[in-house]
Amino acid sequence: MKIIVCIKQVPNTTEIKIDPVKNTLIRDGVPSIINPDDKTAIEVALQLKEKHGAEVVVLTMGPMQAEKALREALAMGADEAYLLSDRAFAGSDTLATSTIIAAAVKKLGADLVLCGRQAIDGDTAQVGPQIAEHLGIPQITYAAAVDYDAEREVLVVKRQFEDRYQTLEAKGLCLVTVLSTLGTPRYMNVWDMVAQDEKEIGIITFADLDLDKANIGLSGSPTKVKSTATKQFDKTIETVELDPEGAARAIVDALKARHLI
Amino acid sequence: MAKNVWVFCEQRDGELQSVAIELLGVARELADKVNEKVVALLLGDGVSAKANDLVAYGADEVRVVDHANLKHFVTEYYAQAVTQLVKANDPNVVLFGATSIGRDLAPRLSARLHTGLTADCTKLEMDEAGNLFMTRPAFGGNLFATIICPEHRPQMSTVRPGVMKKPEFDGARKGDIIQETINWDDSKAVVKVVEEVKETKNVEKIEDAKILVSCGRGVKDVAPAFDVAKKVKGTVSSSRSLVDSGIIEHARQVGQTGKTVRPQAYLAFGISGAIQHLAGMEESEYIVAVNTDVNAPIFKVANLGIVADANAVLKQLDKIL
Chain E
15 MKIIVCIKQV PNTTEIKIDP VKNTLIRDGV PSIINPDDKT AIEVALQLKE
65 KHGAEVVVLT MGPMQAEKAL REALAMGADE AYLLSDRAFA GSDTLATSTI
115 IAAAVKKLGA DLVLCGRQAI DGDTAQVGPQ IAEHLGIPQI TYAAAVDYDA
165 EREVLVVKRQ FEDRYQTLEA KGLCLVTVLS TLGTPRYMNV WDMVAQDEKE
215 IGIITFADLD LDKANIGLSG SPTKVKSTAT KQFDKTIETV ELDPEGAARA
265 IVDALKARHL I
Chain W
22 MAKNVWVFCE QRDGELQSVA IELLGVAREL ADKVNEKVVA LLLGDGVSAK
72 ANDLVAYGAD EVRVVDHANL KHFVTEYYAQ AVTQLVKAND PNVVLFGATS
122 IGRDLAPRLS ARLHTGLTAD CTKLEMDEAG NLFMTRPAFG GNLFATIICP
172 EHRPQMSTVR PGVMKKPEFD GARKGDIIQE TINWDDSKAV VKVVEEVKET
222 KNVEKIEDAK ILVSCGRGVK DVAPAFDVAK KVKGTVSSSR SLVDSGIIEH
272 ARQVGQTGKT VRPQAYLAFG ISGAIQHLAG MEESEYIVAV NTDVNAPIFK
322 VANLGIVADA NAVLKQLDKI L
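Those protein sequences? They're chains E and W, same order as listed.
Going by my numbering, the first sequence opens with residue 15, and the numbers climb by one from there.
Going by my numbering, the second sequence opens with residue 22, and the numbers climb by one from there.
Heads up, some of the hints might be wrong.
[As the list claims (entries may be wrong)] In silico lysine-lysine, PhoX-like type, Cα no more than 25 angstroms apart, as pairs:
| # | chain 1 | residue 1 | chain 2 | residue 2 |
| --- | --- | --- | --- | --- |
| 1 | E | Lys240 | W | Lys24 |
| 2 | E | Lys270 | W | Lys336 |
| 3 | E | Lys63 | E | Lys185 |
| 4 | W | Lys321 | W | Lys144 |
| 5 | W | Lys144 | W | Lys24 |
| 6 | W | Lys336 | W | Lys241 |
| 7 | E | Lys227 | E | Lys120 |
| 8 | W | Lys195 | W | Lys71 |
| 9 | E | Lys238 | W | Lys24 |
| 10 | W | Lys144 | E | Lys238 |
| 11 | E | Lys185 | E | Lys172 |
| 12 | E | Lys31 | W | Lys144 |
| 13 | E | Lys270 | W | Lys254 |
| 14 | W | Lys252 | E | Lys270 |
| 15 | W | Lys187 | W | Lys58 |
| 16 | W | Lys213 | E | Lys185 |
| 17 | E | Lys16 | W | Lys213 |
| 18 | W | Lys195 | W | Lys54 |
| 19 | W | Lys251 | E | Lys270 |
| 20 | E | Lys270 | W | Lys226 |
| 21 | E | Lys172 | W | Lys92 |
| 22 | W | Lys209 | E | Lys16 |
| 23 | E | Lys31 | W | Lys321 |
| 24 | W | Lys226 | W | Lys241 |
| 25 | W | Lys340 | E | Lys270 |
| 26 | W | Lys92 | E | Lys185 |
| 27 | W | Lys108 | E | Lys238 |
| 28 | W | Lys186 | E | Lys270 |
| 29 | W | Lys209 | E | Lys120 |
| 30 | E | Lys238 | W | Lys54 |
| 31 | W | Lys54 | E | Lys240 |
| 32 | W | Lys209 | E | Lys121 |
| 33 | E | Lys172 | W | Lys219 |
| 34 | E | Lys227 | E | Lys121 |
| 35 | W | Lys144 | E | Lys240 |
| 36 | W | Lys213 | W | Lys92 |
| 37 | W | Lys241 | W | Lys252 |
To be clear, the hints were calculated from the coordinates, so they are not data collected in a lab.
The whole structure should be built from the sequences, with the hints applied where relevant.
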């Protein structure tokens, strides 16, 4: 079984702050990490490898510094790593990104494609299902458990919803997006850390893939960012200092005035 | 030319989901701007009877696909049905709830229809030419981006549940109900649903509460908050820190990684107001904040800000109510 895990290097958004004067994002010094859901996808792949034997290939798209995320995945135990990097890919929205990644998956060949549910910088959860559609394969999103029944050759997935779950079975190539709650990613292991140093990271460019420029990059993206803004608040504020009795009274009065109690 | 605003009206076990109703409200505003129709899509098995409700909430037209293939949510069958209807009718806009169903189906469709999709929108506006402006949070709520899809139709977006206001139910409204037939391709539906299990959790739904008594890191003991909530017929919610420390269950969390709420009164006790939290509650009709730190960002969104110890105030409230 050959498993391709699609990962993304993201800024650790919990550490992003707003510059109070310029009202812009402060990105300097914010560490880059493997997106948490994607890291769990790597873990799932490695567990399938341990149980059933598999070749685990990690794939990412991004600038050259995204190599660091791939090195970390190799140090966790992945067998091969590929970086999709080309100026022609820059500015891609989710649809264009998925077009590029799908072309790479097709080129590399796989029996199972794993992704994280969503990335913490964009939170869209779109690229996984879009890759699956481009490849013409089924998708299973929001996976809370993934197992392989070797005897029947079916993938068994617990698919989580807000109020229920489904147990799904898929035969043949499919794409699964996993929740980070599925499992705790292992730490990098010393031997793999040493071994990964020896490994080459494959670079895949536009020229390597069967792609139409009209469908990728900024010009091939149906959606465009028109404007961005940081949050502005415009409430009328009344802040008062009160003792507990006065505070409780003020709250009760306010609720009564609005006929809420 | 592409026209009309379509809403994918999510149902589960035949029950319309709140977000479907919320979407009909915003779809009505968008369609009125360009004098077009609101079209509700109702997909499921044995769901036709719900079509009238969708008209009452603002749909001019309901397109119903009532078929056994749609009993459970299966991406491929739902995608086939919506794709065929979209291709036959060329809508200008298609909206979905940003639920675990909408966020699975909509991206699949965007790739199949080769059009843009904007996730988790919190604001939608339309210009006279029918262009949709879709605003969504990014970078953990630190930034808001307005996205357009100028050259592809339909313009599609998923919308966060709880953000848009529910329209009034008007039983006298008239609309057309159209039963649709789909040419199913069973060979593509290879994922089998072995079982579907409902998880009934005994948690009150914070998104339905009129009054929320919300606790943050500054609350040392949540018991008085539960007492106060009971007395005002409200519900307890919380910020992320109490969820992370295991004191309050995740279903009660308000904010970017929790739920978006808009109660009639939101009482924030000991909540400092990180941007991720504010994103989930700032649309509340009336906001009271109690915090010892006069510089806490929560005061920026509060209608009534009280600098005081949240624990003492909660105890006092419990006493006088």
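These are the hints, each one checked on the structure:
As the CA atoms of Lys240/E and Lys24/W are separated by approximately 22 angstroms, the hinted pair is consistent with the 25 angstroms bound. A threshold of 25 angstroms between alpha carbons decides the hint, and for Lys270/E with Lys336/W the separation of about 19 angstroms falls inside it, so the pair holds. As the CA atoms of Lys63/E and Lys185/E are separated by approximately 18 angstroms, the hinted pair is consistent with the 25 angstroms bound. For the suggested pair Lys321/W and Lys144/W, the alpha carbons sit about 21 angstroms apart, so the restraint of at most 25 angstroms is met.
Taken as a hint, the Lys144/W and Lys24/W pair is honoured in the structure, with Cα atoms around 20 angstroms apart against an allowance of 25 angstroms. Distance hint between Lys336/W and Lys241/W is fulfilled; the C-alpha atoms sit about 12 angstroms from each other, no more than 25 angstroms. Distance check on the hinted pair: Lys227/E and Lys120/E sit about 17 angstroms apart at the alpha-carbon level, within 25 angstroms; holds. Among the hinted pairs, Lys195/W with Lys71/W is consistent with the structure: their alpha-carbon atoms are about 14 angstroms apart, no more than 25 angstroms.
The straight-line distance between the Cα atoms of Lys238/E and Lys24/W is roughly 21 angstroms, inside the 25 angstroms bound, and the hint therefore holds. Taking the CA atoms of Lys144/W and Lys238/E, the gap is about 16 angstroms. The hint holds against a cut of 25 angstroms. The suggested pairing of Lys185/E with Lys172/E holds, with an alpha-carbon distance near 15 angstroms, which does not exceed 25 angstroms. Restraint check: the Cα-Cα separation between Lys31/E and Lys144/W comes to about 23 angstroms, which is no more than 25 angstroms; the hinted pair holds.
Proposed proximity of Lys270/E and Lys254/W is supported: the alpha carbons are some 13 angstroms apart, at most 25 angstroms. Of the pairs offered as hints, the one joining Lys252/W and Lys270/E holds, with about 13 angstroms between alpha carbons and a cut-off of 25 angstroms not exceeded. A C-alpha spacing of about 18 angstroms is found between Lys187/W and Lys58/W, which places the hinted pair at or below 25 angstroms, so the restraint holds. A hinted pair counts as satisfied when its Cα atoms are at most 25 angstroms apart, and Lys213/W with Lys185/E qualifies at roughly 9 angstroms.
Distance hint between Lys16/E and Lys213/W is fulfilled; the C-alpha atoms sit about 22 angstroms from each other, no more than 25 angstroms. Taking the CA atoms of Lys195/W and Lys54/W, the gap is about 20 angstroms. The hint holds against a cut of 25 angstroms. For the hint pairing Lys251/W with Lys270/E, the CA-to-CA distance comes to about 16 angstroms; that is within 25 angstroms, so the pair holds. With a C-alpha separation of about 23 angstroms, the suggested pairing of Lys270/E with Lys226/W holds against the 25 angstroms cut-off.
Restraint check for Lys172/E and Lys92/W: satisfied, since their Cα atoms lie roughly 18 angstroms apart, inside the 25 angstroms limit. Pair hint Lys209/W plus Lys16/E holds up; C-alpha atoms about 22 angstroms apart against a cutoff of 25 angstroms. With a C-alpha separation of about 17 angstroms, the suggested pairing of Lys31/E with Lys321/W holds against the 25 angstroms cut-off. Taking the CA atoms of Lys226/W and Lys241/W, the gap is near 23 angstroms; set against the 25 angstroms cutoff, the hint holds.
A distance of roughly 16 angstroms separates the Cα atoms of Lys340/W and Lys270/E; the hinted pair therefore holds under the 25 angstroms criterion. Distance hint between Lys92/W and Lys185/E is fulfilled; the C-alpha atoms sit about 21 angstroms from each other, no more than 25 angstroms. This hinted pair checks out: Lys108/W and Lys238/E have alpha carbons roughly 23 angstroms apart, not beyond 25 angstroms. Proximity of Lys186/W to Lys270/E is assessed by CA-CA distance (about 24 angstroms); at most 25 angstroms being required, the pair is judged to hold.
Distance hint between Lys209/W and Lys120/E is fulfilled; the C-alpha atoms sit about 19 angstroms from each other, no more than 25 angstroms. A distance of roughly 22 angstroms separates the Cα atoms of Lys238/E and Lys54/W; the hinted pair therefore holds under the 25 angstroms criterion. Restraint check for Lys54/W and Lys240/E: the C-alpha separation of about 20 angstroms stays at or below 25 angstroms, so the hint holds. Our distance criterion of 25 angstroms between C-alpha atoms is met by Lys209/W and Lys121/E, whose separation comes to about 22 angstroms.
Proximity of Lys172/E to Lys219/W is assessed by CA-CA distance (about 13 angstroms); at most 25 angstroms being required, the pair is judged to hold. Under the criterion of a C-alpha separation no larger than 25 angstroms, the hint pairing Lys227/E with Lys121/E is consistent with the structure, at around 17 angstroms. Restraint check for Lys144/W and Lys240/E: satisfied, since their Cα atoms lie roughly 14 angstroms apart, inside the 25 angstroms limit. At roughly 13 angstroms between alpha-carbon atoms, Lys213/W and Lys92/W fall within 25 angstroms of each other, so this suggested pair holds.
For a cut-off of 25 angstroms, the pair hint linking Lys241/W to Lys252/W stands: about 20 angstroms separates their Cα positions.
Checked against the numbered hints listed earlier, the structure breaks none of them; every hint is satisfied.
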